[in-house]
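**Q** The primary structure of each chain is shown beneath.
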Amino acid sequence: MIKVVHYLNQFFGQVGGEEKAHIEPFVKEGFIGPGMALNAAFKGQAQIVATIICGDSYYAENEEKAKNTILEMIKKYEPDLFIAGPAFNAGRYGNACGSICKYVKDNLNIPVLTGMYIENPGVDLYKKDIYIISTKDSAVGMRDAIPKMAALALKLINNEEIGTPETEGYIERGIRKNYFAQERGSKRAVDMLVKKIKGEEFKTEFKMPDFDRVEPNPPIVDIKNAKIALVTSGGIVPKGNPDKIESSSASKFGKYDIEGVFDLTSETYETAHGGYDPVYANKDADRVLPVDVLRELEKEGKIGSLHRYYYSTVGNGTAVANAKRYGQKIAEELIKDGVQAVILTST
Amino acid sequence: MVKEIERAGLPVVHMCTIVPISKTVGANRIVPTVAIPHPLGNPNLSYEDEKALRRRLVEKALKALQTPIEEQTVFE
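Protein chains in written order, with my numbering: chain A, 180 to 526; chain B, 8 to 83.
It is possible that some hints are incorrect.
Listed below are the simulated DSS-like cross-link pairs for lysine-lysine, each with C-alpha atoms no more than 27 Å apart in a straight line [unchecked claim]: (1) A/K222 - A/K199; (2) A/K406 - A/K503; (3) A/K306 - B/K67; (4) A/K423 - B/K10; (5) A/K478 - A/K434; (6) A/K382 - A/K315; (7) A/K462 - B/K10; (8) B/K30 - A/K508; (9) A/K327 - A/K222; (10) A/K423 - A/K307; (11) B/K70 - A/K478; (12) B/K10 - A/K315; (13) B/K70 - A/K306; (14) A/K199 - A/K315; (15) B/K30 - A/K431; (16) A/K244 - A/K284; (17) B/K30 - B/K10; (18) A/K403 - B/K70; (19) B/K10 - A/K515; (20) B/K30 - A/K246; (21) B/K70 - A/K515; (22) A/K481 - B/K70; (23) B/K58 - A/K503; (24) A/K403 - A/K418; (25) A/K356 - A/K375; (26) A/K503 - A/K478; (27) A/K386 - B/K67; (28) B/K58 - A/K434; (29) A/K307 - B/K67; (30) B/K58 - A/K418; (31) A/K478 - B/K30; (32) B/K67 - A/K481; (33) B/K10 - A/K254; (34) B/K10 - A/K503; (35) A/K434 - B/K67; (36) A/K281 - B/K30.
Quick caveat, the hints were computed from the structure, so don't treat them as lab data. For clarity, every value in this text was computed on a predicted model and none was experimentally measured.
The whole structure should be built from the sequences, with the hints applied where relevant.
**A** The structure is reproduced here in structure tokens:
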């Protein structure tokens with residue numbers, strides 16, 4: 180019997196939501212949640228013997244320890260394959276799935292597999308190391324993801340040849356493979372050019388890597404006279420969330436006046452973020468947006484001033500294109516207002 | 008957002024708990040923080056100790072903003 184061990188977070192492992200995101204890893208015999216569909220999709224050719232469940236925040240905050248504990252748990256079952264997720268667009272979960280898959284592959288030398296949405300930060304971190312099935316951005320895509328994951332899993336176990344990303348449904352790993360083409364290179368190049376000129380769709384044979392890096396700006400020279408602004412993706416908003424920023428997939432950011440505000444309290448501020456346990460931020464939002472200490476530093480003359488407005492959005496499954504737009508707009512306003520440097524906090 | 012603010016010409020420091028994610032999104036100045044639900048605090052500490060911890064982290068961020076760098080740098 181081919182044995183599979185499955186990894187899930189606290190949510191898909193049916194332990195709880197964000198209030199349980201800190202739980203340490205534990206083992207459950209057999210399958211649970213998405214594992215049930217996955218096991219069924221193996222059609223008797225493989226069996227999920229155990230599921231490891233770990234809180235997303237626990238894994239992210241204790242990666243080294245979590246990795247080793249989980250590896251020991253997995254070893255006991257001597258699996259032939261390890262599967263994590265799918266994580267869809269959940270950032271911490273995607274990071275954990277990629278990280279544990281790579282660790283298992285490197286240490287146990289067995290095939291590993293996970294699934295994520297293309298914008299999940301776990302994709303860029305791990306796509307070169309492991310197979311990641313491309314999924315939709317939410318659990319709505321479970322039905323599509325499971326058969327693809329099961330099919331690729333069986334191929335990996337049986338040592339079958341793995342096809343291209345398009346045919347197997349995984350995210351490109353940047354691996355180049357030689358093959359015999361029907362037509363010679365010069366003809367293929369001209370065909371491509373003709374298509375391009377006609378404005379038709381064409382497929383390059385040599386993709387350029389997408390390096391979107393920004394060079395660091397020069398540092399602040401005179402911090403004692405600098406105007407510093409606060410920006411956060413942690414969803415801190417005035418109590419009542421006046422702009423109704425969404426708890427996930429935020430469609431906007433907010434700009435809030437903090438003139439005369441020296442401390443964020445549970446009566447005045449809260450978080451709109453739905454991707455972490457809000458208890459601590461709701462009690463004292465300075466834990467995410469440090470207005471109190473910046474006011475102190477301002478008073479002591481350690482910084483010139485704290486900018487009158489802070490900017491906030493919810494970074495939880497937010498589309499990269501939207502986040503980019505918010506960043507551009509915020510930067511434009513900050514520059515216009517004479518801000519010299521920014522502290523951006525994330526949860 | 009960090010990257011776009013940097014691209015616009017403002018030095019920016021990213022204070023966050025999951026450093027690998029900060030690196031992939033392209034932050035250049037990174038200050039690691041305490042925990043996901045309370046990056047700049049620790050509810051297990053007294054109010055005074057917690058505020059002192061927050062102040063140390065913010066001072067580290069200010070130092071990062073004053074440090075010339077050539078590449079992505081984590082200020083431990």
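**Q** All hints are to be evaluated individually against the structure, with a verdict given for each.
**A** Evaluation of the provided hints:
1. Under the criterion of a C-alpha separation no larger than 27 Å, the hint pairing A/K222 with A/K199 is inconsistent with the structure, at around 33 Å.
2. Pair hint A/K406 plus A/K503 holds up; C-alpha atoms about 23 Å apart against a cutoff of 27 Å.
3. Between A/K306 and B/K67 the alpha-carbon distance is near 33 Å, which puts this suggested pair outside the 27 Å criterion.
4. Annotation: proposed proximity of A/K423 to B/K10 holds, straight-line Cα distance about 25 Å (limit 27 Å).
5. Distance restraint check for A/K478 and A/K434: the Cα-Cα separation of roughly 23 Å lies within the 27 Å cut-off, and the hinted pair is therefore satisfied.
6. Restraint check for A/K382 and A/K315: satisfied, since their Cα atoms lie roughly 23 Å apart, inside the 27 Å limit.
7. Pair hint A/K462 plus B/K10 does not hold up; C-alpha atoms about 30 Å apart against a cutoff of 27 Å.
8. Between the alpha carbons of B/K30 and A/K508 the distance comes to roughly 22 Å, so the proposed pair stays at or under 27 Å and holds.
9. Of the pairs offered as hints, the one joining A/K327 and A/K222 holds, with about 13 Å between alpha carbons and a cut-off of 27 Å not exceeded.
10. Pair hint A/K423 plus A/K307 does not hold up; C-alpha atoms about 39 Å apart against a cutoff of 27 Å.
11. Proximity of B/K70 to A/K478 is assessed by CA-CA distance (about 18 Å); at most 27 Å being required, the pair is judged to hold.
12. Between B/K10 and A/K315 the CA atoms are separated by roughly 25 Å; this keeps the pair inside 27 Å, and the hint holds.
13. Distance hint between B/K70 and A/K306 is unfulfilled; the C-alpha atoms sit about 34 Å from each other, more than 27 Å.
14. With a C-alpha separation of about 25 Å, the suggested pair A/K199 and A/K315 falls inside the 27 Å cut-off, and the hint holds.
15. The straight-line distance between the Cα atoms of B/K30 and A/K431 is roughly 24 Å, inside the 27 Å bound, and the hint therefore holds.
16. For the proposed pair A/K244 and A/K284, the alpha carbon gap of about 17 Å is at most 27 Å, so the pair holds.
17. For the proposed pair B/K30 and B/K10, the alpha carbon gap of about 10 Å is at most 27 Å, so the pair holds.
18. Between A/K403 and B/K70 the CA atoms are separated by roughly 12 Å; this keeps the pair inside 27 Å, and the hint holds.
19. As the CA atoms of B/K10 and A/K515 are separated by approximately 18 Å, the hinted pair is consistent with the 27 Å bound.
20. About 20 Å separates the Cα atoms of B/K30 and A/K246, which keeps this hinted pair within 27 Å; it holds.
21. For a cut-off of 27 Å, the pair hint linking B/K70 to A/K515 stands: about 24 Å separates their Cα positions.
22. Our distance criterion of 27 Å between C-alpha atoms is met by A/K481 and B/K70, whose separation comes to about 11 Å.
23. Distance hint between B/K58 and A/K503 is unfulfilled; the C-alpha atoms sit about 32 Å from each other, more than 27 Å.
24. For the hint linking A/K403 to A/K418, the alpha-carbon distance of about 32 Å lies beyond 27 Å, and the restraint is violated.
25. For the hint pairing A/K356 with A/K375, the CA-to-CA distance comes to about 24 Å; that is within 27 Å, so the pair holds.
26. Our distance criterion of 27 Å between C-alpha atoms is broken by A/K503 and A/K478, whose separation comes to about 33 Å.
27. Simply put, A/K386 and B/K67 have alpha-carbon atoms about 40 Å apart, too far for the 27 Å limit, and the pair is violated.
28. Proposed proximity of B/K58 and A/K434 is supported: the alpha carbons are some 25 Å apart, at most 27 Å.
29. Note on A/K307 and B/K67: the hinted pairing is violated, with a Cα-Cα distance of about 33 Å set against a maximum of 27 Å.
30. As the CA atoms of B/K58 and A/K418 are separated by approximately 22 Å, the hinted pair is consistent with the 27 Å bound.
31. With a CA separation close to 33 Å, the supplied pair A/K478 and B/K30 exceeds the 27 Å bound.
32. As the CA atoms of B/K67 and A/K481 are separated by approximately 13 Å, the hinted pair is consistent with the 27 Å bound.
33. Among the hinted pairs, B/K10 with A/K254 is inconsistent with the structure: their alpha-carbon atoms are about 41 Å apart, more than 27 Å.
34. Between B/K10 and A/K503 the CA atoms are separated by roughly 8 Å; this keeps the pair inside 27 Å, and the hint holds.
35. With a C-alpha separation of about 25 Å, the suggested pairing of A/K434 with B/K67 holds against the 27 Å cut-off.
36. A threshold of 27 Å between alpha carbons decides the hint, and for A/K281 with B/K30 the separation of about 18 Å falls inside it, so the pair holds.
When held up to the earlier numbered hints, the structure conflicts with 1, 3, 7, 10, 13, 23, 24, 26, 27, 29, 31, 33 and fits the remainder.
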